[in-house]
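Protein chains: 2
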Amino acid sequence: MQEALKEAAKAFDAGEIPVGAIVVCQNKIIARAHNQTEMLTDATAHAEMLAITAAANYLGSKYLNDCTLYVTLEPCAMCAGALHWTQIGRVVFGASDTQRGYRLWQQPLLHTKTAVTFGIDEKACQHLVLEFFKRLREK
Amino acid sequence: MQEALKEAAKAFDAGEIPVGAIVVCQNKIIARAHNQTEMLTDATAHAEMLAITAAANYLGSKYLNDCTLYVTLEPCAMCAGALHWTQIGRVVFGASDTQRGYRLWQQPLLHTKTAVTFGIDEKACQHLVLEFFKRLREK
Numbered sequence: 006m007q008e009a010l011k012e013a014a015k016a017f018d019a020g021e022i023p024v025g026a027i028v029v030c031q032n033k034i035i036a037r038a039h040n041q042t043e044m045l046t047d048a049t050a051h052a053e054m055l056a057i058t059a060a061a062n063y064l065g066s067k068y069l070n071d072c073t074l075y076v077t078l079e080p081c082a083m084c085a086g087a088l089h090w091t092q093i094g095r096v097v098f099g100a101s102d103t104q105r106g107y108r109l110w111q112q113p114l115l116h117t118k119t120a121v122t123f124g125i126d127e128k129a130c131q132h133l134v135l136e137f138f139k140r141l142r143e144k
Numbered sequence: 006m007q008e009a010l011k012e013a014a015k016a017f018d019a020g021e022i023p024v025g026a027i028v029v030c031q032n033k034i035i036a037r038a039h040n041q042t043e044m045l046t047d048a049t050a051h052a053e054m055l056a057i058t059a060a061a062n063y064l065g066s067k068y069l070n071d072c073t074l075y076v077t078l079e080p081c082a083m084c085a086g087a088l089h090w091t092q093i094g095r096v097v098f099g100a101s102d103t104q105r106g107y108r109l110w111q112q113p114l115l116h117t118k119t120a121v122t123f124g125i126d127e128k129a130c131q132h133l134v135l136e137f138f139k140r141l142r143e144k
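Top line first, the protein sequences correspond to chains B and P. Under the working numbering, read the first sequence as residues 6 to 144, first letter to last. Under the working numbering, read the second sequence as residues 6 to 144, first letter to last.
If we strip away everything but chain B, and leave its shape as in the complex, we get:
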């Protein structure tokens, strides 16, 4: 999660909502990404989406069964839907997203095969997002 936090910090510095993600396969980081919706002018350019695409590209496979995605914030419905298609083995997220997190939907969005862990480095993950919106309001 520390590596995902580094990615989130890059987003923060770039004026993006600070979310970072990495994909790990066999103890190796095979993809890293941060939210780039502003820079790419693309609402789909969430950290998770970019990390999924990069990981699939690295492995040469649409499926990420043996991978773990670490992401600083709970994925939204779009990202959870994308993770479903990859059949990813595990998702680990830091802070919960009570506004747009995928767990707001009662019917499952992730694949039944996907294990989920959350609350890892929660405070640090949450702090970045809170600080981002605090500064935005002060502008």
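Derived by calculation from the structure, the hints in this document are not laboratory data. It is possible that some hints are incorrect.
Because identical chains share one entry, a pair is satisfied inside a single copy or across any pair of copies.
[Claimed, not checked] Straight-line Cα separation of at most 30 Å, DSS-like style, residue types lysine-lysine; simulated pairs: (1) K128 - K139; (2) K144 - K128; (3) K33 - K144; (4) K67 - K15; (5) K33 - K139; (6) K139 - K67; (7) K144 - K118; (8) K144 - K67; (9) K33 - K15; (10) K118 - K139; (11) K67 - K11; (12) K118 - K67; (13) K33 - K118; (14) K139 - K11; (15) K15 - K139; (16) K33 - K128; (17) K118 - K11.
Go by the hints and put chain P onto chain B.
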């Protein structure tokens, strides 16, 4: 929808699940795409996702409020979640997807601002998908 069907036919010819999408803004087609999950080895490369990215790129805006997406098959949860972020004005789809369509989720996935029409050219849209899977089974 005829233009979206042309895109779906391209996917069919390329051995991809035949789904096509176009984005229209002020009576002009500003983006067209077909499913490219196999060619790009990327589970996120659905026709809608590629069309959203292309349309946002064309307009220089993350938001597609004044746009209509025409897609041959009902969007999945990922694509509906993506369409939510764009606040797209209208979504028109042809065939329903009873396996993975976004309407399987009882809680809304699309934005409340988004108007939805479906069943347009339904038979032609559905035919392509059925034919694709029929041929796949025969291989």
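How the hints compare with the structure:
Within a single copy, K128 and K139 get their C-alpha atoms as close as 16 Å, which meets the 30 Å cut-off; across copies the closest is 51 Å, which misses it. Proximity of K144 and K128 under a CA criterion of 30 Å is satisfied intra-copy only: 24 Å inside one chain copy versus 53 Å between copies. In this assembly of identical chains, the alpha carbons of K33 and K144 never lie at most 30 Å apart, being 40 Å within a copy and 37 Å across copies at closest. Proximity of K67 and K15 under a CA criterion of 30 Å is satisfied in both settings, with 27 Å inside one chain copy and 20 Å between copies.
In this assembly of identical chains, the alpha carbons of K33 and K139 never lie at most 30 Å apart, being 35 Å within a copy and 40 Å across copies at closest. Taking the shortest alpha-carbon separations for K139 and K67, only the inter-copy value of 22 Å comes in at or below 30 Å, while the best intra-copy value is 38 Å. Taking the closest pair of Cα atoms, K144 and K118 come within 30 Å of each other only across two copies (28 Å); inside a single copy the shortest separation is 44 Å, beyond that limit. Proximity of K144 and K67 under a CA criterion of 30 Å is satisfied inter-copy only: 21 Å between copies versus 42 Å inside one chain copy.
In this assembly of identical chains, the alpha carbons of K33 and K15 lie at most 30 Å apart only when taken from the same copy (21 Å versus 37 Å across copies). Taking the shortest Cα distances, K118 and K139 sit within 30 Å of each other only across copies (27 Å), while inside one copy they are farther apart (38 Å). Proximity of K67 and K11 under a CA criterion of 30 Å is satisfied in both settings, with 26 Å inside one chain copy and 25 Å between copies. Taking the shortest Cα distances, K118 and K67 sit within 30 Å of each other inside one copy (16 Å), while across copies they are farther apart (33 Å).
In the homo-oligomer, the alpha carbons of K33 and K118 lie at most 30 Å apart inside one protomer (21 Å), although the nearest pairing across protomers, at 42 Å, exceeds that limit. In this assembly of identical chains, the alpha carbons of K139 and K11 lie at most 30 Å apart only when taken from the same copy (20 Å versus 47 Å across copies). With identical chains, the CA atoms of K15 and K139 are at most 30 Å apart within one copy only, with a shortest distance of 17 Å there and 47 Å across copies. In this assembly of identical chains, K33 and K128 lie within 30 Å of each other by CA distance solely inside one copy; the values are 25 Å within and 47 Å between copies.
Within a single copy, K118 and K11 get their C-alpha atoms as close as 28 Å, which meets the 30 Å cut-off; across copies the closest is 35 Å, which misses it.
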